[in-house]
Amino acid sequence: MNSMDSVEVAAIRTAAQLRAARLPLEELNPADPQGFVDDTVGYVFERLRREDPVHRSHSPIPGIDTYWSVTRYRDIMQVDTSHGIYSSEGGITLMDFPPGDEQKLPMFIAMDPPKHDEQRKAVGPIVATANLNNWQDLIRERTGKVLDSLPRDETFNWVEKVSIELTTYMLATLFDFPLEDRRLLTHWSDMATSNKLTNPDAPDPEVRMAELHKMLQYFTRLWNERINAPPRSDLVSMLAHGPATRNMGPAEYMGNLVLLIVGGNDTTRNSMTGGLLALHENPEEMAKLRANPALVESLVPEIIRWQTPLAYMRRSALVDTELGGKQIRKGDKLAMWYLSGNRDESAIPEPNRFIVDRERPRQHLSFGFGIHRCVGNRLAELQLKILWEEILRRFEVIEVVGKPTRIRSAFVRGFSHLPVRIPG
Amino acid sequence: MVEVTFISFSGKASTVDVPVGTTLMRAATDNRVPGIDGDCGGNCACATCHVYIDPKWTARVGARNETEEGMLNAVDELRSNSRLACQITLTEALDGLVVSTPEAQH
Numbered sequence: 001m002n003s004m005d006s007v008e009v010a011a012i013r014t015a016a017q018l019r020a021a022r023l024p025l026e027e028l029n030p031a032d033p034q035g036f037v038d039d040t041v042g043y044v045f046e047r048l049r050r051e052d053p054v055h056r057s058h059s060p061i062p063g064i065d066t067y068w069s070v071t072r073y074r075d076i077m078q079v080d081t082s083h084g085i086y087s088s089e090g091g092i093t094l095m096d097f098p099p100g101d102e103q104k105l106p107m108f109i110a111m112d113p114p115k116h117d118e119q120r121k122a123v124g125p126i127v128a129t130a131n132l133n134n135w136q137d138l139i140r141e142r143t144g145k146v147l148d149s150l151p152r153d154e155t156f157n158w159v160e161k162v163s164i165e166l167t168t169y170m171l172a173t174l175f176d177f178p179l180e181d182r183r184l185l186t187h188w189s190d191m192a193t194s195n196k197l198t199n200p201d202a203p204d205p206e207v208r209m210a211e212l213h214k215m216l217q218y219f220t221r222l223w224n225e226r227i228n229a230p231p232r233s234d235l236v237s238m239l240a241h242g243p244a245t246r247n248m249g250p251a252e253y254m255g256n257l258v259l260l261i262v263g264g265n266d267t268t269r270n271s272m273t274g275g276l277l278a279l280h281e282n283p284e285e286m287a288k289l290r291a292n293p294a295l296v297e298s299l300v301p302e303i304i305r306w307q308t309p310l311a312y313m314r315r316s317a318l319v320d321t322e323l324g325g326k327q328i329r330k331g332d333k334l335a336m337w338y339l340s341g342n343r344d345e346s347a348i349p350e351p352n353r354f355i356v357d358r359e360r361p362r363q364h365l366s367f368g369f370g371i372h373r374c375v376g377n378r379l380a381e382l383q384l385k386i387l388w389e390e391i392l393r394r395f396e397v398i399e400v401v402g403k404p405t406r407i408r409s410a411f412v413r414g415f416s417h418l419p420v421r422i423p424g
Numbered sequence: 001m002v003e004v005t006f007i008s009f010s011g012k013a014s015t016v017d018v019p020v021g022t023t024l025m026r027a028a029t030d031n032r033v034p035g036i037d038g039d040c041g042g043n044c045a046c047a048t049c050h051v052y053i054d055p056k057w058t059a060r061v062g063a064r065n066e067t068e069e070g071m072l073n074a075v076d077e078l079r080s081n082s083r084l085a086c087q088i089t090l091t092e093a094l095d096g097l098v099v100s101t102p103e104a105q106h
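Same order as they appear, the protein sequences are chains A and B.
Quick note: the first sequence uses this note's numbering, first residue 1, plus one each step.
Quick note: the second sequence uses this note's numbering, first residue 1, plus one each step.
Simulated from the structure, these hints should not be mistaken for laboratory data.
Note that this is a predicted model, so its numbers are computed, not measured.
By construction, the Cβ of each residue, glycine as well, lies at the ideal position given by its N, Cα and C atoms.
One or more hints might be untrue.
[Claimed, not checked] Where chain A lies over chain B, by a calculated footprint (3+ residues, C-beta under 8 Å):
1) 41 to 55
2) 69 to 76
[Stated by the list, open to error] Facing chain B, a subset of chain A residues (Cβ under 7 Å, in silico):
3) Asp117
4) Thr129
5) Pro230
6) Cys374
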């Protein structure tokens, strides 16, 4: 990073820190996407955890309005594990849509039991141990190919050439999706998470829905092929043949596709970038890892904690209840800020340090807890483990040569650009 | 003290001694027994401490609770003797208990 960049970054951080400290509590709004673009939302969370851990937050964005910010690890755990009190049916992001708006897609992550359990069971076997074992060699081979094809002695975008490429390949494999069209998956994933109300550069809602309908059309063709063939172990075939999913209507098929595409794409993609950045910013940790590559085992969960690629999940209260001393009313919506809980010093020692040999690295919130816990967590860990093993075998250094560009979203915490250079 | 034996997927046995009142999950994590991650710290919220109770012990260990049932719903290789180790408190009656861990946790 050049010195002008670092001066600018430092100034933005100082201003954000002052602002988070001085604003009246009721004006703090962690869902402001600017805090994610600048990566300064941590200052807001620090104050909320200390002064008002279950906070009544207001957003000026219509459709978000008023919500509870749950910022401490233990309170988040309580909400996440109480699905009888805190429902997922209202959706998993803070944005509300008018009744009947087709933008609110039905998908199993946004359902309660028993329907949630039935639909989740239909796709769960895709990431069962036997499948993971089968894929290991394939993932390693592809990862090696991608890394070997990277340019030398020139600056390139790590997000584009590594993170997107590897996760999109994996996703195409899970769906048995034509490999030559795989970048469509990236495109649809980006479309699905785009939101004009929080990001002026995003496509209009009509454009977004039109693209998602193209996705549905493409996948309907795959569905029709596979429903007329014996069951196979790809996601489309599993959905088409599964008793709980084979009668899904088009909206539900679209919703579950969005869930699986975003869940399998945006998350690991950003951990692949975030991990490289974290190791660059903590050279002593990189040195530890180089000296002992077996630390990849604890590096991977630490990267996932550090990045927290989904910053929150939303729940809606089904009844009047109490949380952290606050009265929650039936119908209130809550954001469980995983990103904040992952920096809570009452649950995680030295949470603001990135430590590759952390004592209990797996006790983080990034996958969520309870019945909605990330179904693909083991696959995500496997992809990251193989990526880092193969990086360590090949490159002595990967230089980060400029500042990252972060995505304008309070939900998907990620990057669109990270300039790097590999000498040699 | 209570003695419990964990048998890993590859067949390796680890026997540990823990105080009465310890959960079966803590018995493993406190003694670094492989195959039990306990990501949620014992909140019945991650299903990474899934164990199979040795058939000789199932009656004494007892049945799953409702939350546990909900979490076990999502694991692969669910069996009738599946339990979550964090939901089992070790008493003197369980001295000598034998459990094994599934392939997913090796």
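Hints, one by one, checked against the model:
| no. | hint | result |
| --- | --- | --- |
| 1 | 41 to 55 | holds (count 7) |
| 2 | 69 to 76 | holds (count 5) |
| 3 | Asp117 | holds, 5 Å |
| 4 | Thr129 | holds, 4 Å |
| 5 | Pro230 | violated, 21 Å |
| 6 | Cys374 | violated, 10 Å |
Figure legend: structure checked against the earlier numbered hints; hints not met, in rising order: 5, 6.
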